[in-house]
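J.: Chains as they are written, first to last, in our numbering: chain B, 322 to 669; chain E, 322 to 669; chain L, 322 to 669.
Just so you know, the hints here were simulated from the structure itself, not pulled from any lab data. Possibly wrong hints are sitting among the right ones.
When the alpha-carbon atoms are kept at most 20 Å apart in a straight line, the in silico EDC-like pairs for lysine to aspartate or glutamate are as follows [what the hints assert, rightly or not]:
no., chain 1, residue 1, chain 2, residue 2
1, B, Lys666, B, Glu656
2, B, Lys517, E, Asp401
3, B, Lys653, E, Glu656
4, E, Lys666, E, Glu656
5, E, Lys517, L, Glu473
6, L, Lys666, E, Glu665
7, B, Lys517, B, Asp598
8, L, Lys666, E, Glu661
9, L, Lys666, E, Glu656
10, B, Lys653, B, Glu663
11, B, Lys653, B, Glu665
12, B, Lys653, L, Asp647
13, L, Lys517, B, Asp401
14, L, Lys517, B, Asp528
15, B, Lys653, E, Glu661
16, E, Lys517, E, Asp545
17, B, Lys666, E, Glu656
18, E, Lys517, L, Glu418
19, E, Lys517, E, Asp598
20, E, Lys666, L, Glu661
21, B, Lys517, B, Asp545
22, L, Lys517, B, Glu338
23, B, Lys517, E, Asp586
24, E, Lys653, E, Glu663
25, B, Lys666, L, Glu656
26, E, Lys666, L, Glu665
27, B, Lys517, E, Glu418
Covered stretches of chain B, going by a simulated chain L footprint (3 or more residues, C-beta under 8 Å) [unchecked claim]:
no., segment
28, 402-413
29, 653-661
We put the CB at the ideal spot given by N, CA and C, even for glycine.
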Amino acid sequence: MSAGAGFPLGRLARMLEATLTAEPERVVTGVAPLDRAGPDDLGYVAGRRHLDAARASRAGAFIAPADLAGLAAPVLACRDPRRALATVLALFHPRVEAVAGRDPSACVADGARVDPTASIGALAVIEAGASIGPRARVGPLGYVGAGVALGEDTVLGPHVVIYSGCELGARVTVHAGAVIGCDGFGFIPGRGGPLKIPQVGRVIVEDDVEIGANTTIDRATLGDTVIGRGTKLDNLVHIGHNVEVGRRCLMAAQVGISGSCRIGDDVMLGGQVGIADHVEIGERALLAGGTSVARDVPAGQRSAGEWARPAGLAHRIWVAEGQLPDLLRTVKRLERRVAELEAEKARR
Amino acid sequence: MSAGAGFPLGRLARMLEATLTAEPERVVTGVAPLDRAGPDDLGYVAGRRHLDAARASRAGAFIAPADLAGLAAPVLACRDPRRALATVLALFHPRVEAVAGRDPSACVADGARVDPTASIGALAVIEAGASIGPRARVGPLGYVGAGVALGEDTVLGPHVVIYSGCELGARVTVHAGAVIGCDGFGFIPGRGGPLKIPQVGRVIVEDDVEIGANTTIDRATLGDTVIGRGTKLDNLVHIGHNVEVGRRCLMAAQVGISGSCRIGDDVMLGGQVGIADHVEIGERALLAGGTSVARDVPAGQRSAGEWARPAGLAHRIWVAEGQLPDLLRTVKRLERRVAELEAEKARR
Amino acid sequence: MSAGAGFPLGRLARMLEATLTAEPERVVTGVAPLDRAGPDDLGYVAGRRHLDAARASRAGAFIAPADLAGLAAPVLACRDPRRALATVLALFHPRVEAVAGRDPSACVADGARVDPTASIGALAVIEAGASIGPRARVGPLGYVGAGVALGEDTVLGPHVVIYSGCELGARVTVHAGAVIGCDGFGFIPGRGGPLKIPQVGRVIVEDDVEIGANTTIDRATLGDTVIGRGTKLDNLVHIGHNVEVGRRCLMAAQVGISGSCRIGDDVMLGGQVGIADHVEIGERALLAGGTSVARDVPAGQRSAGEWARPAGLAHRIWVAEGQLPDLLRTVKRLERRVAELEAEKARR
Numbered sequence: 322m323s324a325g326a327g328f329p330l331g332r333l334a335r336m337l338e339a340t341l342t343a344e345p346e347r348v349v350t351g352v353a354p355l356d357r358a359g360p361d362d363l364g365y366v367a368g369r370r371h372l373d374a375a376r377a378s379r380a381g382a383f384i385a386p387a388d389l390a391g392l393a394a395p396v397l398a399c400r401d402p403r404r405a406l407a408t409v410l411a412l413f414h415p416r417v418e419a420v421a422g423r424d425p426s427a428c429v430a431d432g433a434r435v436d437p438t439a440s441i442g443a444l445a446v447i448e449a450g451a452s453i454g455p456r457a458r459v460g461p462l463g464y465v466g467a468g469v470a471l472g473e474d475t476v477l478g479p480h481v482v483i484y485s486g487c488e489l490g491a492r493v494t495v496h497a498g499a500v501i502g503c504d505g506f507g508f509i510p511g512r513g514g515p516l517k518i519p520q521v522g523r524v525i526v527e528d529d530v531e532i533g534a535n536t537t538i539d540r541a542t543l544g545d546t547v548i549g550r551g552t553k554l555d556n557l558v559h560i561g562h563n564v565e566v567g568r569r570c571l572m573a574a575q576v577g578i579s580g581s582c583r584i585g586d587d588v589m590l591g592g593q594v595g596i597a598d599h600v601e602i603g604e605r606a607l608l609a610g611g612t613s614v615a616r617d618v619p620a621g622q623r624s625a626g627e628w629a630r631p632a633g634l635a636h637r638i639w640v641a642e643g644q645l646p647d648l649l650r651t652v653k654r655l656e657r658r659v660a661e662l663e664a665e666k667a668r669r
Numbered sequence: 322m323s324a325g326a327g328f329p330l331g332r333l334a335r336m337l338e339a340t341l342t343a344e345p346e347r348v349v350t351g352v353a354p355l356d357r358a359g360p361d362d363l364g365y366v367a368g369r370r371h372l373d374a375a376r377a378s379r380a381g382a383f384i385a386p387a388d389l390a391g392l393a394a395p396v397l398a399c400r401d402p403r404r405a406l407a408t409v410l411a412l413f414h415p416r417v418e419a420v421a422g423r424d425p426s427a428c429v430a431d432g433a434r435v436d437p438t439a440s441i442g443a444l445a446v447i448e449a450g451a452s453i454g455p456r457a458r459v460g461p462l463g464y465v466g467a468g469v470a471l472g473e474d475t476v477l478g479p480h481v482v483i484y485s486g487c488e489l490g491a492r493v494t495v496h497a498g499a500v501i502g503c504d505g506f507g508f509i510p511g512r513g514g515p516l517k518i519p520q521v522g523r524v525i526v527e528d529d530v531e532i533g534a535n536t537t538i539d540r541a542t543l544g545d546t547v548i549g550r551g552t553k554l555d556n557l558v559h560i561g562h563n564v565e566v567g568r569r570c571l572m573a574a575q576v577g578i579s580g581s582c583r584i585g586d587d588v589m590l591g592g593q594v595g596i597a598d599h600v601e602i603g604e605r606a607l608l609a610g611g612t613s614v615a616r617d618v619p620a621g622q623r624s625a626g627e628w629a630r631p632a633g634l635a636h637r638i639w640v641a642e643g644q645l646p647d648l649l650r651t652v653k654r655l656e657r658r659v660a661e662l663e664a665e666k667a668r669r
Numbered sequence: 322m323s324a325g326a327g328f329p330l331g332r333l334a335r336m337l338e339a340t341l342t343a344e345p346e347r348v349v350t351g352v353a354p355l356d357r358a359g360p361d362d363l364g365y366v367a368g369r370r371h372l373d374a375a376r377a378s379r380a381g382a383f384i385a386p387a388d389l390a391g392l393a394a395p396v397l398a399c400r401d402p403r404r405a406l407a408t409v410l411a412l413f414h415p416r417v418e419a420v421a422g423r424d425p426s427a428c429v430a431d432g433a434r435v436d437p438t439a440s441i442g443a444l445a446v447i448e449a450g451a452s453i454g455p456r457a458r459v460g461p462l463g464y465v466g467a468g469v470a471l472g473e474d475t476v477l478g479p480h481v482v483i484y485s486g487c488e489l490g491a492r493v494t495v496h497a498g499a500v501i502g503c504d505g506f507g508f509i510p511g512r513g514g515p516l517k518i519p520q521v522g523r524v525i526v527e528d529d530v531e532i533g534a535n536t537t538i539d540r541a542t543l544g545d546t547v548i549g550r551g552t553k554l555d556n557l558v559h560i561g562h563n564v565e566v567g568r569r570c571l572m573a574a575q576v577g578i579s580g581s582c583r584i585g586d587d588v589m590l591g592g593q594v595g596i597a598d599h600v601e602i603g604e605r606a607l608l609a610g611g612t613s614v615a616r617d618v619p620a621g622q623r624s625a626g627e628w629a630r631p632a633g634l635a636h637r638i639w640v641a642e643g644q645l646p647d648l649l650r651t652v653k654r655l656e657r658r659v660a661e662l663e664a665e666k667a668r669r
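Chain B with its partners taken away, still in its complex shape:
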């Protein structure tokens, strides 16, 4: 797991604002899983649940929470070990700079503008009028449609498809197989079969967005489908036409958002969440995995369950449901008992 260059623990401690328990001169060259780490590796201890594994580990040092004691090797004690892990991983695995230029096997249309510092992968197709910004990369076998704009440092993985006219900002990452700008699902049912509403809008992906593998984002019927700055989508997510997603949202895998929804800033959606069309999700709302939503969700609310209720209520209902078969029997018995009391009263 090491990537060559080494860092002394003392220097890492300063970078991470961590307290180092010993051996500031000791050099580590990478991060490794606890059960595989050797004396040159950092081990990562998220919390107590990793303590046994950490004690058995041969790691040369640990990133660990500040309150965790009893490890055999030096510890970089951190307030937020996960954030520290992110920092050291970025340190040991710096972004590999792509070779600027076009692979000779790529098909780049005459009318495309490709920045000389950009990189076009093997067998990629770039259509006329596309514009590829500084240090942007189009992966092998990727497709960039007519008039598409990619901002600086934006990276498309292999097999990504960007349909014509869509715009991606700076530092956007798109993973393999994602499709941006396909037609929205707009049909009018009718006797002769569904009538297609032409989809002539675009998709706008703002800066610093990340889009997972095989995710699909539909172009708007008119106007724009928008993914706000800093938002991250996992794999196999679907975003319908004319959806407006706010900034810094996180959506886990297989989330589906129907047409014309508005998702506020900082919303978090668990895996497989489904949202019906024209629904508005307020900022900072959090929907647990598997929740399906057909009505607006207020800002800041945590929701869960079928047709999204406040999460606490959803959980109480779920627990209560477990008693429902018994409850039915209890109520039947109660009816009989009350009937007997009533009969007795009538006899008096």
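Dock chains E and L against the given chain B, drawing on the hints supplied.
T.: Same frame as chain B, now just chains E and L:
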């Protein structure tokens, strides 16, 4: 949003069978979102919910429902504005005819029959025995397997995969990344691990079908998986082996249909609907988004919720569930009260 | 449906350990659906539900359960007809051997090791340091990243993406559009927007695994995401980072497994099952389609429904829920009746 050619309002009124409130000679050149439309654009007003935006719009004219008054610019008053929108969008954005012929970078097998009016995109692969009909298009980086037949005017987006032996009719549209004809999921559990049942059937896609991005349709074990004429599938839909989908169905994104299901004509499935294997959905049935179905659904029924119930009942149950924690407490109290009455009776 | 070579029924009976009712010399050349089979075809009768179709069939012979009588043509009576079907399909449709070698249009990096018996499809891209084993196949338009290892007889369909450093064992099958080794979804929410945790681990796919079309498997943050030997994943499945899937599991389409889950051996997951992160599913557990799981599931348990309960209980609750609106009314009535009895008691 304009596409060049302009149309006078009077002519549009005749085409749309709409009532025009003023200025039949005024020319518009496109359709634009209300907040971006200028004096050359049509604005689209779906109903009252768009009224404020329409009043603030600089659009030169509006498509609007017949009963909507009080707009500053001429109105094309329509019985069905959404249908009118579809018509004008098709008018202002006519299908761009592809250039006939094979991109020189495409790999077309010697034994493939490609109609001279068909278009084969850059870096597409066409295997032997495939047959590409008049004016059909294979998108860039597409794959058309051995013996596949594409009907006239059928359009495959970039990165589409059609496995060997499948047949697509006329005017079929397949969006990027869709996979048609992959193996059905047929395994027999056993001690030595799951045993694969070879999948040797085909997929038949009838005329006028549309298939969304990254959707997958499995070939049959034996015989055919069928998608009926005029049916439209959204993105990331899964259709299992030997499924027979009827005509004019609409399936929203992330629907999953297990093997050997039969879906009747004109069925509508909301997003993320899941249907267990061998289930039959009667014609014109409508399943709300997120519904999971393990039993047959009768023709015409609207269903919703976990294990699909009639939608009205599903909604009443959902409301009742909200009272369930209170109900448990009420029944416990009732038990105590009845026990007291019984005790009193025993004392008498 | 026939593939040329014919087999006499007597020989098939010996291979299938089936009892043949007549005509051991009769030769059949394929298997066909009951309604299309001709006198040279075998028809497949899974059970009683196929009996009418079998009686109307022109098939020359049948594979059928041992207790099924009354068919007009000879019957290969089998204890497990589905297993017999798998055997004869494999017999009539033997694996087509690919032509060894590299398609001249493929882009194979100098530093890649490709076994001379392996087959590299048209327009595939193989990066440096990749190793392609004996008789392995990379499909047309496939992408094999730097340092990837493919074992012997492993087959990648068209458009498959394997990111750098991942390892696939022997006899693995990956269907079109699947993406293996994309980044895990690791972000730390924070004021400046989500902070990405670099994903530097790998995906290990063990021998005899099958992976469906457009399925995505994330690489580990550190260490490995593992798919155990003999496991089969259907289409559009998502496997998160650091997940460890056991051996011989079956996962139907659109299953989603969040990061760091452990799935035991022989687990079966129905379509659209969703599992929250860090959950452990015990071996031989079975989750019905559509189940969402947020807690550990013990070994051998059959579970169903929202937040996974034992399947029997889930079904009883579902039935009870149907009576819930009535129950609410009954309890309201009971409260009034008890109040009356109490009032009467107070009057005494």
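J.: A separate judgement is required for each hint: does it hold in the structure or not?
T.: Do the hints match the structure? See the list:
no., hint, result
1, B:Lys666 to B:Glu656, "15 Å, holds"
2, B:Lys517 to E:Asp401, "14 Å, holds"
3, B:Lys653 to E:Glu656, "11 Å, holds"
4, E:Lys666 to E:Glu656, "15 Å, holds"
5, E:Lys517 to L:Glu473, "19 Å, holds"
6, L:Lys666 to E:Glu665, "9 Å, holds"
7, B:Lys517 to B:Asp598, "18 Å, holds"
8, L:Lys666 to E:Glu661, "11 Å, holds"
9, L:Lys666 to E:Glu656, "17 Å, holds"
10, B:Lys653 to B:Glu663, "15 Å, holds"
11, B:Lys653 to B:Glu665, "19 Å, holds"
12, B:Lys653 to L:Asp647, "12 Å, holds"
13, L:Lys517 to B:Asp401, "14 Å, holds"
14, L:Lys517 to B:Asp528, "14 Å, holds"
15, B:Lys653 to E:Glu661, "18 Å, holds"
16, E:Lys517 to E:Asp545, "18 Å, holds"
17, B:Lys666 to E:Glu656, "19 Å, holds"
18, E:Lys517 to L:Glu418, "18 Å, holds"
19, E:Lys517 to E:Asp598, "18 Å, holds"
20, E:Lys666 to L:Glu661, "15 Å, holds"
21, B:Lys517 to B:Asp545, "18 Å, holds"
22, L:Lys517 to B:Glu338, "19 Å, holds"
23, B:Lys517 to E:Asp586, "18 Å, holds"
24, E:Lys653 to E:Glu663, "15 Å, holds"
25, B:Lys666 to L:Glu656, "17 Å, holds"
26, E:Lys666 to L:Glu665, "12 Å, holds"
27, B:Lys517 to E:Glu418, "18 Å, holds"
28, 402-413, "holds (count 7)"
29, 653-661, "holds (count 3)"
In the structure shown, no violation is registered for any of the earlier numbered hints.
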